[in-house]
Amino acid sequence: MKLWKWLAGLFFLLAVFDGALRKWVFPSQSLLFYILKDIVLGVAFTLFALGRNSRWYPQPIRGTWFPVLLGLYVYVVILQAFNFVQPNVAVRVLGLKAHLAYLPLVILLPALLAHLREWTPDHLILVYMGLVALPVMLLGIYQFFQPTSSWVNQYVADTANISTVAGRPRITGTFAYMNGMSAFMIFNTILGFAVAVAGFLTKRRLLTWGGAIFFGVCLVVLPMIGSRGPVLILGILIAGIGLLLLGQKRGGTALVLSVILVGGLVFGITAQTNLDEGWMALQDRVETAHDDPSKRTINTLLGPLNGLKRAGILGYGVGTFHQGAPRLVSGNQGRSWIPGGYVENGVMRLVLELGGIGWLVLFGLKCFVAWMAYQVFRAANSAFEVVVGIVGVGKGITHILLPVIFTNMAAITYWTVVGFVIYTWSYQQVRTDAVPPQKTPVEAATATR
1 MKLWKWLAGL FFLLAVFDGA LRKWVFPSQS LLFYILKDIV LGVAFTLFAL
51 GRNSRWYPQP IRGTWFPVLL GLYVYVVILQ AFNFVQPNVA VRVLGLKAHL
101 AYLPLVILLP ALLAHLREWT PDHLILVYMG LVALPVMLLG IYQFFQPTSS
151 WVNQYVADTA NISTVAGRPR ITGTFAYMNG MSAFMIFNTI LGFAVAVAGF
201 LTKRRLLTWG GAIFFGVCLV VLPMIGSRGP VLILGILIAG IGLLLLGQKR
251 GGTALVLSVI LVGGLVFGIT AQTNLDEGWM ALQDRVETAH DDPSKRTINT
301 LLGPLNGLKR AGILGYGVGT FHQGAPRLVS GNQGRSWIPG GYVENGVMRL
351 VLELGGIGWL VLFGLKCFVA WMAYQVFRAA NSAFEVVVGI VGVGKGITHI
401 LLPVIFTNMA AITYWTVVGF VIYTWSYQQV RTDAVPPQKT PVEAATATR
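Note that the numbering used here gives residue 151 to position 151 of the sequence shown, counting from 1, and the numbers run on in steps of one.
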């Protein structure tokens with residue numbers, strides 16, 4: 001196996017576990033481990049680019065709008081790094097990292113998947129679920145039931161007012177912050193659901209039960225983060241995919257009933273073991289929260305419009321609204337150098353960084369990714385393709401509006417899914433050109449093997 005493949009694997013391990021190293025093993029080297037995974041990915045991409053061959057990128061994707069939109073996005077980001085509003089070079093570098101650091105995944109992953117030999121894509125997903133994601137979630141459960149003074153909850157000490165719910169810690173798992181664990185759980189929950197659906201449609205019991213159990217554990221851990229947004233997003237996505245299956249007569253009725261059954265079993269079991277306290281704590285937070293969820297939703301939907309009104313088509317430059325930017329500005333300026341002041345709305349912050357033109361380019365890119373994911377789902381004739389299609393549709397639609405640049409794990413999971421979608425979509429195009437389809441989309445996935 002070539003070195004770049006090992007480095008790509010190391011990158012994903014660091015993406016999940018570098019927070020644990022920073023919190024518990026090498027706290028004095030937090031900055032080093034924060035950027036280590038980015039260095040590893042950069043080296044992997046460099047080695048791959050230097051040794052590439054004619055198969056370095058799927059041919060079908062080259063004739064689409066994806067390379068054009070991706071290239072335009074990179075071009076806009078580089079231009080915005082020289083925006084005159086920014087106070088220093090460090091903020092510019094931070095902006096470039098936030099926007100571009102994980103884009104190599106859309107090139108490395110299709111190549112990595114094309115070179116798989118002993119490991120099939122299905123095995124890769126199961127190994128990830130069992131050996132990477134599940135231990136992190138079990139750690140989260142342990143963390144939730146420990147006192148705030150415990151070593152595993154040391155992050156709570158200085159921020160108890162925002163890091164606890166109903167006296168319970170808001171879990172971070174192996175991540176340094178709650179937003180990392182939140183993005184991790186959104187990805188895993190939709191993945192568990194997708195694997196269970198794929199097993200159900202292709203009548204593969206291992207995938208069906210493995211996905212269902214994994215999905216059930218996700219339902220236990222998800223509320224322990226203490227965030228309402230992920231629960232709402234996932235509820236809408238899962239309901240939408242279920243309705244899509246119902247409308248297209250793909251076994252949707254039985255699938256929806258199965259999901260309800262799994263959910264009922266999970267809540268029945270957790271009620272007998274106190275594992276339902278995560279949902280009880282989240283309910284307490286919903287009841288005691290001072291902000292209006294409907295107002296937050298409206299502000300999110302209006303984020304692009306409000307951003308355009310404030311920054312126009314040019315914007316203020318990448319890195320300007322990154323949460324780490326104030327630490328890179330000397331003196332007591334904080335965020336005072338930002339025209340109009342700082343805003344919390346992530347969608348609006350993205351528009352303010354890129355400006356109207358840059359945001360429209362990125363918006364178009366994300367819409368194209370979501371469309372490709374839907375095409376993958378419609379044309380799927382294997383469990384792996386069903387999983388990629390469902391996860392791609394879920395992540396793709398979620399991040400058409402919501403940004404990924406302000407949370408590393410959100411960016412990593414998003415561009416990872418994009419890489420899987422590109423590989424699978426390209427493979428389906430080659431297959432379609434070679435052998436005309438004899439069945440309607442996804443009907444093959446519902447047939448027995």
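Don't read these hints as lab results, they were simulated from the structure.
The reader is advised that the hints may include incorrect statements.
Stated by the list, open to error - Keeping only pairs whose Cα atoms sit at most 20 Å apart, straight-line, the calculated DMTMM-like set for lysine to aspartate or glutamate is:
| no. | residue 1 | residue 2 |
| --- | --- | --- |
| 1 | K203 | E277 |
| 2 | K23 | D38 |
| 3 | K309 | D284 |
| 4 | K309 | E344 |
| 5 | K203 | D122 |
| 6 | K97 | D38 |
| 7 | K295 | D122 |
Said to hold, decoys possible - Distance ranges between label pairs, derived from CB positions:
| no. | residue 1 | residue 2 | range |
| --- | --- | --- | --- |
| 8 | R378 | V93 | 33 to 43 Å |
| 9 | G229 | P27 | 20 to 30 Å |
| 10 | S150 | R335 | 49 to 59 Å |
| 11 | Y34 | G63 | 34 to 44 Å |
| 12 | S149 | N306 | 35 to 45 Å |
| 13 | R431 | F84 | 21 to 31 Å |
| 14 | L124 | L3 | 18 to 28 Å |
| 15 | G229 | V430 | 51 to 61 Å |
| 16 | L301 | G364 | 40 to 50 Å |
| 17 | I400 | P27 | 20 to 30 Å |
Just so it is clear, CB atoms sit at the ideal spot from N, CA and C, and this is done for glycine as well.
Checklist entry - Taking each numbered hint in turn, which are not upheld by the structure, reported in ascending numerical order? => result Hints 1, 3, 7, 10, 13, 15, 16 and 17 not satisfied by this model.
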